[in-house]
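Trainee: This is what each chain is made of:
2 protein chains.
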Amino acid sequence: MIRKKGILIILDGLADRPIPELDNLTPLEYAKTPNFDYLIRNGISGLVYPAAPGVRVGTDVGILGLFGYNPFKVYWGRGPIEAVGAGLVLNKGDVAVRCNFATVDEEFRIIDRRAGRIRSGTNELAKALDGMKLDDDVVVNFKEGTEHRAVAIFRGNELSAEITDSDPGIPAEGKKIKEVKAITPGFTFADKTAFLFNQFIRKSYEILKNHPVNQERIKNNLLPANILITRGAGMKMKVRKIAERFNINASAISGETVVIGIAKIAGFNPVTKKGMTSNIDTDLELKINVALQELEKNDFVILHIKGTDIAGHDNQPLKKMEFIQKIDSFIGVFLDNIKGKDDIYIACSSDHATPCRIRDHTADPVPSFIWGKDLLTDNVTSFGERNFFSGGLGKIRSNEFILTLLDFMGVTYKLGS
Amino acid sequence: MIRKKGILIILDGLADRPIPELDNLTPLEYAKTPNFDYLIRNGISGLVYPAAPGVRVGTDVGILGLFGYNPFKVYWGRGPIEAVGAGLVLNKGDVAVRCNFATVDEEFRIIDRRAGRIRSGTNELAKALDGMKLDDDVVVNFKEGTEHRAVAIFRGNELSAEITDSDPGIPAEGKKIKEVKAITPGFTFADKTAFLFNQFIRKSYEILKNHPVNQERIKNNLLPANILITRGAGMKMKVRKIAERFNINASAISGETVVIGIAKIAGFNPVTKKGMTSNIDTDLELKINVALQELEKNDFVILHIKGTDIAGHDNQPLKKMEFIQKIDSFIGVFLDNIKGKDDIYIACSSDHATPCRIRDHTADPVPSFIWGKDLLTDNVTSFGERNFFSGGLGKIRSNEFILTLLDFMGVTYKLGS
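Chains as they are written, first to last, in the working numbering: chain A, 1 to 417; chain B, 1 to 417.
Incorrect hints may have been included.
[Said to hold, decoys possible] Beta-carbon label-pair distances, calculated as ranges: (1) B:Lys241 with A:Ile2: 46 to 56 Å; (2) B:Tyr413 with A:Glu173: 19 to 29 Å; (3) A:Ile111 with B:Tyr413: 20 to 30 Å.
[As the list claims (entries may be wrong)] Covered stretches of chain A (in silico footprint by chain B; criterion: 3 or more residues with CB under 8 Å from a CB of chain B, positions within the stretch not fixed): (4) 55 to 67; (5) 266 to 273.
[To be verified] BS3-like cross-link-like pairs, simulated, lysine-lysine; straight-line CA separation at most 30 Å: (6) B:Lys73 with A:Lys236; (7) A:Lys32 with A:Lys238; (8) A:Lys238 with B:Lys339; (9) B:Lys414 with A:Lys178; (10) B:Lys241 with A:Lys73; (11) B:Lys395 with A:Lys73; (12) B:Lys414 with A:Lys175; (13) A:Lys181 with A:Lys133; (14) B:Lys238 with A:Lys181; (15) A:Lys297 with A:Lys273.
Calculated directly from the structure, the hints in this document are not laboratory data. Every residue, glycine too, gets a C-beta built ideally from N, C-alpha and C.
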């Protein structure tokens with residue numbers, strides 16, 4: 001097989017629904033995207049189900065699918081993925097959990113489940129929490145993630161991840177932090193782990209409430225990050241590295257811990273740099289430049305851009321539309337840089353839809369395309385959810401989409417002979 | 001998530017094939033359906049596989065899929081579904097079987113496998129059969145269903161449902177009733193159960209042949225319901241209630257025992273009333289009014305209409321077309337009643353195709369649509385099998401279709417986080 005290179009651009013939470021303020025078009029349909037449209041006109045388009053029709057997914061499951069895993073078979077739980085992404089070592093038997101720095105009152109009633117989307121000082125707060133000792137010789141490794149996010153690893157004997165979340169979900173404000181419980185109670189490892197999680201949460205409040213970082217925040221009229229809430233406990237699962245399976249050098253560029261975690265699980269070299277913020281203010285120029293460099297060195301590159309999802313969650317259709325246009329202009333820069341090279345496939349997809357009016361993920365399939373040489377192009381001419389109904393790729397699942405790209409790249413192997 | 005309401009209208013056996021007398025259109029394509037067309041123009045359409053491409057299904061499997069079950073994983077057998085639908089209590093270890101009242105000669109040769117589609121007196125016949133004692137202390141609970149249909153539950157020790165049907169199938173006329181056998185013979189529980197089934201059939205003839213109801217029928221030149229034939233033996237299977245899984249209040253409206261049975265299995269409140277006949281003469285006004293009432297009280301309503309299937313089995317394309325038009329006019333009534341409400345999704349699908357010229361179910365995918373707010377509408381403008389080829393929903397499976405509807409309603413949960 002002739003081997004070619006490939007880049008997959010993941011526009012997180014891209015797909016949307018009609019927005020009255022945008023003439024009942026979606027932010028993507030409304031946006032002017034001449035560079036994407038060029039690729040689409042000369043490529044093959046379709047709609048991609050993050051998992052299956054009607055199945056809503058979290059970012060972790062959506063991204064796992066786009067790295068080639070069947071999300072119904074391979075699922076670590078969000079905690080372990082974040083832990084790996086944050087650079088923590090996860091051993092067999094450890095329970096990893098995702099945490100939020102949050103703001104509560106003295107009765108543990110939530111004032112803000114994101115501590116005002118805290119953006120600085122969390123490394124100092126994390127240092128104060130790391131190494132916490134709990135009953136039964138269990139020790140907690142703790143590390144801050146992006147913004148209000150963090151991750152904890154519980155290490156000790158006889159732990160279980162079959163426990164509930166303490167995070168009361170969205171909207172959380174006004175609700176009390178939930179007591180962690182065993183999913184199936186009965187004097188099991190899960191009961192013990194739940195007890196230790198509740199101990200951990202109470203201790204985090206004692207440590208954080210008067211921490212200098214929070215004293216400073218209160219002085220500046222910012223919400224203090226005075227407690228941790230937990231969700232998505234899980235344990236390590238053995239999976240095949242996608243990069244090894246297809247014998248490719250691959251890297252993944254993202255500012256988001258969960259993507260970095262999945263990249264490591266999949267055997268991709270994770271690339272993250274200061275300025276990649278996992279938000280709408282991310283340094284797109286940096287990202288595109290790094291992508292060009294990584295594509296020089298590797299067979300395959302995944303470039304993840306998060307801001308579209310944030311704009312969806314925040315119900316900001318105009319910002320989403322403008323951010324898409326900004327991305328498009330940098331796609332132009334990318335195309336200028338690869339001009340004349342005919343050994344590169346460019347693909348674009350999304351981990352899930354985040355419609356602005358819903359402010360959460362939905363199961364809608366996401367517009368996706370592949371551009372490159374030797375493709376059977378279809379009649380789709382511009383980027384948009386509805387334009388892609390009639391695309392030549394039809395409707396496939398996320399792991400099938402990435403396999404299709406890898407097959408164009410000539411790196412897949414034959415089933416049979 | 002914002003929660004909205006939903007109604008799924010199941011038009012049983014709706015899909016068809018070209019009919020020469022209808023200008024080579026299908027009954028659905030030929031019918032004038034302005035109200036359905038309004039919903040389709042403002043909705044998203046597609047074709048739904050009852051199970052998978054090329055797989056023909058019975059009503060039970062088709063309906064199971066539309067209640068959200070994967071029909072390859074969840075299958076009770078028709079007997080147990082009908083038994084639950086008829087209000088019988090099914091215990092673990094019971095064998096339930098579907099029965100037809102049939103007409104045979106003295107040599108058990110079938111004259112009519114539906115006893116002239118008997119419509120009255122079956123409750124009296126059922127009383128004479130209920131509680132029948134068989135060898136080995138096995139007792140039969142018996143209950144009549146719609147028209148010639150009935151259901152029996154065999155209760156005793158060491159029974160098995162791995163047995164064949166006594167019903168010779170279609171066409172049955174002129175054929176002898178088949179002896180029930182173990183599917184894998186060898187002195188097993190199934191051999192014993194088969195012996196008891198044959199005993200049950202012979203005893204039913206003794207009880208029924210001179211029953212006053214049949215004497216009266218013969219006097220009136222009607223075929224006597226003088227025997228039972230059996231098919232679809234099965235046992236209870238543990239499944240998750242769909243209504244519980246998605247934490248919704250739901251009800252299902254139908255005149256058909258199998259739908260009522262599946263509704264109970266799925267945790268839906270079953271609603272059936274006199275006048276819902278499971279045929280083309282069903283009281284559609286009543287059905288629509290009950291649907292409106294149920295939608296007030298519930299998150300989700302399934303409305304099942306059977307007549308389209310009957311017209312297909314009877315090879316009556318004109319009647320099928322006219323019945324579709326009649327349904328459409330009542331959809332107009334429904335729409336008038338929900339005017340101004342923007343929190344309702346309306347979906348329409350079918351459990352399978354029943355093409356008139358085939359007179360039986362086929363595996364053809366069935367035209368289906370979803371209407372409501374915030375949808376990415378496609379270019380389909382009217383109801384019909386071929387119009388739906390290019391629909392925005394593409395081609396999905398029945399359980400995926402219902403999941404998609406539930407996702408629009410905002411009641412699904414995330415896979416991952």
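Trainee: Any hints from earlier that this structure breaks? Give me their numbers in increasing order, please.
Mentor: Numbers 5, 7 and 8 - these are the hints that the structure violates, sorted from lowest upward.
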